[in-house]
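Chemist: Chain by chain, the residues:
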Amino acid sequence: MGRKLLLEHINVPGINTFEVYRKKGGYASVEKALKTLTPDAIVEEVKKSGLRGRGGAGFPTGMKWSFLAKPEGVPRYLVCNADESEPGTFKDRYLMTHIPHLLIEGMIVSSFALGAHTSYIYVRGEMMPQIRILEKAIAEAKNAGFLGKNILGTGYDLELYVQPGGGAYICGEETALLESLEGKRGNPRIKPPFPAIAGLYGCPTVVNNVESIAAVVPIINDGGEEYAKIGLGRSTGTKLISAGGNLKKPGVYEIELGLSCEEFLYSDEYCGGIANGKRLKAVVAGGSSVPILPANLFLKTINNEPRLMSYESLSDGGFATGTMLGSGGFIAFDEDQCIVRNTWNFARFYHHESCGQCSPCREGTGWMEKVLHRLENGHGKVSDLDLLVDVSKKIEGNTICPLGDAAAWPVASAIRHFRDEFEWHVTNAAEAVTRNFGLAHYADPLVKAEAV
Amino acid sequence: MKVTIDGISIDVEPGTTILNAARQIGGDIVPPAMCYYSKLAGSGGKCRTCLVKVSKGSEKDPRPMPKLVASCRTTVMDGMEVQNITSPEVIEARKGVVEMLLINHPLDCPICDQAGECDLQNLGFEHGAAKTRYEFDRRTFHKIDIGDKIQLHMTRCILCYRCVFTADQITDHRIHGILNRGDHSEISTYIQAAVDNDFSGNVIDVCPVGALTDKTFRFKNRVWFTKPVEAHRDCDHEKCNGKVTLWYKGDDVLRVTARKDVYGEVEEFICNTCRFDKKKTSDWVIEGPRKVANWSVQSANHYETLHPLPVLQTNPVLIEANKEQFERETRL
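Those protein sequence lines, which keep their order, are chains A and B. With my numbering applied, the first sequence covers 1 to 452. With my numbering applied, the second sequence covers 1001 to 1332.
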């Protein structure tokens, strides 16, 4: 049984209300931070904890905080990125729905650490119930004196606002989020300058994921060193994984980083194996934008070591045989799923969500989607595979924001690992529209590549 | 600050972008730019044709930058080393970007008024492949009249946002922008309201393609048959100084544009009165013929050679090379 830090009290009835949350030890970190710690000490504590951004990129949060410029007379902002829209990821929504005060508490502590007196929670527009829940939670906290002027008599002021977005995936990119928050079209900004220097309204801003901010609470309560003991190597602490796909028990699980993938997938404590007694074919380990892996490469790394749920182990093997932890959107595919159709579905999503600002992403995502659509419906050509790989290479790294990379990686990795399935879709076009390729050799034990 | 671009060093002011440093050097090493416009603040970074490789970040931090960077928005650091045409990676990426820019472009150059002075045409000629690998329908839009003098043909648009920045900064209020997102996005006035402003005509000049065209000039003539002449008039608009280029065909002024520099950027924005209403020689003080770069198709009608340029080459080496190439290509 792994330790639970964020979801410890998730099953307590009424934990979404202030009274119950407070009774269960909530807002202790606010008292501790505001009364006994200095802002720099909190940043230092977060640095010590080794907490890495839970939104996808995995950048150390403490480091990000210490980069924040602190010019005199200019306000600083903390913005919580709750624009969770990656296909496969739903952990932030779960957290905000069931235990909203954890986020509020984290926001107060983090804002205090950064010296922000106005903070925003930017919530995706489709999450209307969560917006209401958060607003209710903020009102309760304000009523109890944890928000507003002179919090707990310490002289620290903080106003917290919830801002609904318009429901665009691109607004989850931090600079596009800031543009959207300012009331403009959600186009990513060209960096540099980074938000830590000039972010919201041109002022220094930190943008953090919901889970990163929530994780600050146990760090302050237990101390950074205690938090760093959980996990493995540079992947410290716990992580929420939103498991979906053909699993017996899909849902949001809190795991200690470093748990083995096999245990996460098959143990009854977590996903409980593949539904309907089928076999695993492929896994998308961290949300739709990370490279997809076949079953054998997901459970074992290329060196035949068991793969673990941690930032390092999942990216073991680089893009050739590895993937990324990303935002924790875990999607499992059983043997009856079609990888071509799934890749097309992802490409369709990125085509729809590209902001249209820079040309490789605007044109390339649409192009890939059309080629994949043709492949899936039995009109493909063998040359399409190389074309897709080439187009994805032309997009990757040449765009303003990471959406281009996110669109290119799933396509490139699907073709890298499932090339024979794509080829089968071309050579057996009539059959491909009536049945699926099946498991084939994707779960076979790995053959060690010969040293060249 | 010292910056080295493709092995050529130059001292520039702090805060200069790589692209502007390259322009100070000049020549082949200047990255092409489709969306950057030095007169418009905030432009650039979108088209990605100006990508360059920074092989050495600065004197202090000599690490190379991990990804290719947009030279129009990256400022130079002291001791920075940049590779443009010497890096195969950059050439490859640029080729990809040109291909992407062209996949939804109709390539209707034969009937496009911009042909001959089109940035995309020049870019495609230099970097594009002869054939496209795109086999699907291109996006199309209906032509829209924005105002009685400007026509918007979105089908040709490459979404550089230059006209949006122009409308934002040159005119006093903006009533057009981008609708939708991704490859459905379009420049629009939303309710097709007339763009009614003294400086709105400048969007025609900043457009790198034929998406925004001058309705008083549409289908009148090909650019390379007209003769550009520099002229000025005493314009009474306080922000316009009346320095323009007149495009003559015979004795008629077919159109009036602002003067453009070697990078296709206007030197000074002009008002709509100068652009659309003053089309008689008697309105203007002629300064002299405009210099046209000899790589431009417009120079086919240059004043020194009133007859078309010779198609047949007289150089024996070239004749030999052409023959060889002809044989090689017709062998099968």
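Accuracy of the hints is not assured; some may be wrong.
One-sided and incomplete, this derived list gives chain B residues near chain A with beta-carbon spacing under 7 Å [to be verified]:
(1) N1104
(2) F1136
(3) R1138
(4) K1227
Chain A is nowhere near these chain B residues, computed Cβ spacing over 12 Å in every case [stated by the list, open to error]:
(5) T1049
(6) L1068
(7) R1222
(8) D1236
Where chain A lies over chain B, by a calculated footprint (3+ residues, C-beta under 8 Å) [as the list claims (entries may be wrong)]:
(9) 1017-1030
(10) 1091-1099
(11) 1181-1188
Derived by calculation from the structure, the hints in this document are not laboratory data. Using N, Cα and C, we set each Cβ at its ideal position, and we do this for glycine too.
Chemist: State for each hint whether it applies.
Modeler: Hint check results:
1. N1104: holds, 6 Å
2. F1136: Holds. Min distance 5 Å.
3. R1138: Not OK, violated: R1138/B not within 7 Å of chain A, min 10 Å.
4. K1227: violated, 34 Å
5. T1049: violated, 8 Å
6. L1068: violated, 6 Å
7. R1222: holds, 28 Å
8. D1236: The claim stands: D1236/B keeps its Cβ more than 12 Å from every Cβ of chain A (closest is about 36 Å).
9. 1017-1030: Per the Cβ count (0), the hint is violated.
10. 1091-1099: holds (count 4)
11. 1181-1188: Satisfied; 5 residues make the cut.
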